[in-house]
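Since the structure of chain X is already known, use the hints to place chain G on it.
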Amino acid sequence: NAGVTQTPKFQVLKTGQSMTLQCAQDMNHEYMSWYRQDPGMGLRLIHYSVGAGITDQGEVPNGYNVSRSTTEDFPLRLLSAAPSQTSVYFCASSLALQSNQPQHFGDGTRLSIL
Amino acid sequence: GQQLNQSPQSMFIQEGEDVSMNCTSSSIFNTWLWYKQDPGEGPVLLIALYKAGELTSNGRLTAQFGITRKDSFLNISASIPSDVGIYFCAGQLKGGSQGNLIFGKGTKLSVKP
Numbered sequence: 001n002a003g004v005t006q007t008p009k010f011q012v013l014k015t016g017q018s019m020t021l022q023c024a025q026d027m028n029h030e031y032m033s034w035y036r037q038d039p040g041m042g043l044r045l046i047h048y049s050v051g052a053g054i055t056d057q058g059e060v061p062n063g064y065n066v067s068r069s070t071t072e073d074f075p076l077r078l079l080s081a082a083p084s085q086t087s088v089y090f091c092a093s094s095l096a097l098q099s100n101q102p103q104h105f106g107d108g109t110r111l112s113i114l
Numbered sequence: 001g002q003q004l005n006q007s008p009q010s011m012f013i014q015e016g017e018d019v020s021m022n023c024t025s026s027s028i029f030n031t032w033l034w035y036k037q038d039p040g041e042g043p044v045l046l047i048a049l050y051k052a053g054e055l056t057s058n059g060r061l062t063a064q065f066g067i068t069r070k071d072s073f074l075n076i077s078a079s080i081p082s083d084v085g086i087y088f089c090a091g092q093l094k095g096g097s098q099g100n101l102i103f104g105k106g107t108k109l110s111v112k113p
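Listed in order, the protein sequences are those of chains X and G. At position 112 of the first sequence the residue is numbered 112 (the working numbering), and the sequence of numbers has no breaks. At position 23 of the second sequence the residue is numbered 23 (the working numbering), and the sequence of numbers has no breaks.
Only chain G is shown next, with the shape it has when bound in the complex:
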């Protein structure tokens, strides 16, 4: 099946540092979504991207829809302890339905105070 390659798998950073993670695929996507999952909870939507080249911010978070439509990145600036969690990218294939929403395997973020 289709795959999203999300990297890195995990990150250990110091509070205040910036974070960058990305997702790539060999397929073209119509939509890129970034979710955060806290322990024991479901994923919560952070940012949604709908157009190639689109750059969207949500507070300290910034995400971009790659020009080739095959990748996306998420940046977190000035990390704080509550940023800890697993971040997932998800993409909806070009010409696909919500049934074709594909998730990356996640980036686990740990922040040292």
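In isolation and in its complexed conformation, chain X is listed as follows:
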């Protein structure tokens, strides 16, 4: 059981570069989301999707784009990386957009912007 798979695990970028963080789940989950985790800040929601073709903004969406062309994949794009985007990024999924369907997390992508 792969669960939620994130790639890459580590990445270093220069300011202004673009990058796509990949997230895939094999559980047929409708709901997927992206969080960033910074020291002392907990997890903050960037974008989420309730199903293929549907995305919405979370708490900290600026500087990030997402798309959901399939149920399985939910990539996160940084169009022009900035040092403030240095963080650990987590993708999560759950069966549906309901309070009784807790989210399952990937192992994270550690991103450094120089």
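Treat the hints with care, as some may be off.
To be verified - For each label pair, taking beta carbons as the anchor points, the in silico distance ranges come out as: (1) P8/X x S7/G: 26 to 36 Å; (2) T5/X x P39/G: 13 to 23 Å; (3) A52/X x S77/G: 35 to 45 Å; (4) S27/G x N62/X: 19 to 29 Å; (5) L45/G x P75/X: 20 to 30 Å; (6) S80/X x P39/G: 26 to 36 Å; (7) I67/G x S80/X: 45 to 55 Å; (8) S80/X x K70/G: 33 to 43 Å.
What the hints assert, rightly or not - Incomplete in silico selection of chain X near chain G, CB under 7 Å: (9) P39; (10) L43; (11) P75; (12) F90; (13) F105; (14) G106; (15) D107; (16) G108.
These are computed hints drawn from the structure, not numbers from a lab. Think of the CB as a built atom: it goes at the ideal place given N, C-alpha and C, for glycine as much as any other residue.
Okay, now just chain G, sitting in the frame of chain X:
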């Protein structure tokens, strides 16, 4: 934005001791979740609570959904070294969606053998 106050921020305890941590908010929540995160990994769900007053156990872990729906606690009994990690509470606001899942800042637990 909405905030969850999680305390304590960190704990240093002796193996075998019991642990208690909690989350409080000024807002009402429909769901409380407790996650554990090991170094270099993503959070893993420990316990999910869906009803006010609900008390749920998972092995040595026990969590409760506060009657006011504004708080939750997690207890760990007879701690062992593998309990080390960061514990997060997360709440889903009343009337909200998964887009409104709010995380506390975490409690870092260290256990001395």
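Hint check results:
The supplied range of 26 to 36 Å is met by P8/X and S7/G, whose beta-carbon atoms lie about 35 Å from each other. At about 19 Å, the CB distance of T5/X to P39/G agrees with the hint of 13 to 23 Å. A hinted range of 35 to 45 Å for the beta carbons of A52/X and S77/G is consistent with their spacing of about 44 Å. With their beta carbons about 24 Å apart, S27/G and N62/X fall inside the hinted range of 19 to 29 Å.
Distance hint check: the CB atoms of L45/G and P75/X are about 24 Å apart, consistent with the given range 20 to 30 Å. At roughly 31 Å, the beta carbons of S80/X and P39/G sit within the given window of 26 to 36 Å. Distance hint check for I67/G and S80/X: the Cβ-Cβ separation is about 48 Å, which falls inside the suggested range of 45 to 55 Å. Taking the beta carbon of each, S80/X and K70/G are about 40 Å apart, inside 33 to 43 Å as hinted.
The interface hint given for P39/X is violated, since its Cβ lies 10 Å from the closest Cβ of chain G, which is over the 7 Å cut-off. This hint holds: L43/X has a C-beta 4 Å from the nearest C-beta of chain G, less than the 7 Å allowed. Taken as an interface hint, P75/X does not check out: its beta carbon lies about 17 Å from the nearest beta carbon of chain G, beyond 7 Å. Hint status for F90/X relative to chain G: holds, with the closest Cβ pair at about 5 Å, below 7 Å.
A hinted interface residue such as F105/X counts as satisfied when its beta carbon comes closer than 7 Å to some beta carbon of chain G; here the least separation is about 3 Å, so the hint holds. Because the closest C-beta pair between G106/X and chain G is about 5 Å apart, less than 7 Å, the hint holds. Below 7 Å, beta-carbon pairs count as interface contacts, and D107/X has one with chain G at about 5 Å; its hint therefore holds. For G108/X, the interface hint holds, since its Cβ comes within 7 Å of a Cβ in chain G; the closest pair sits about 5 Å apart.
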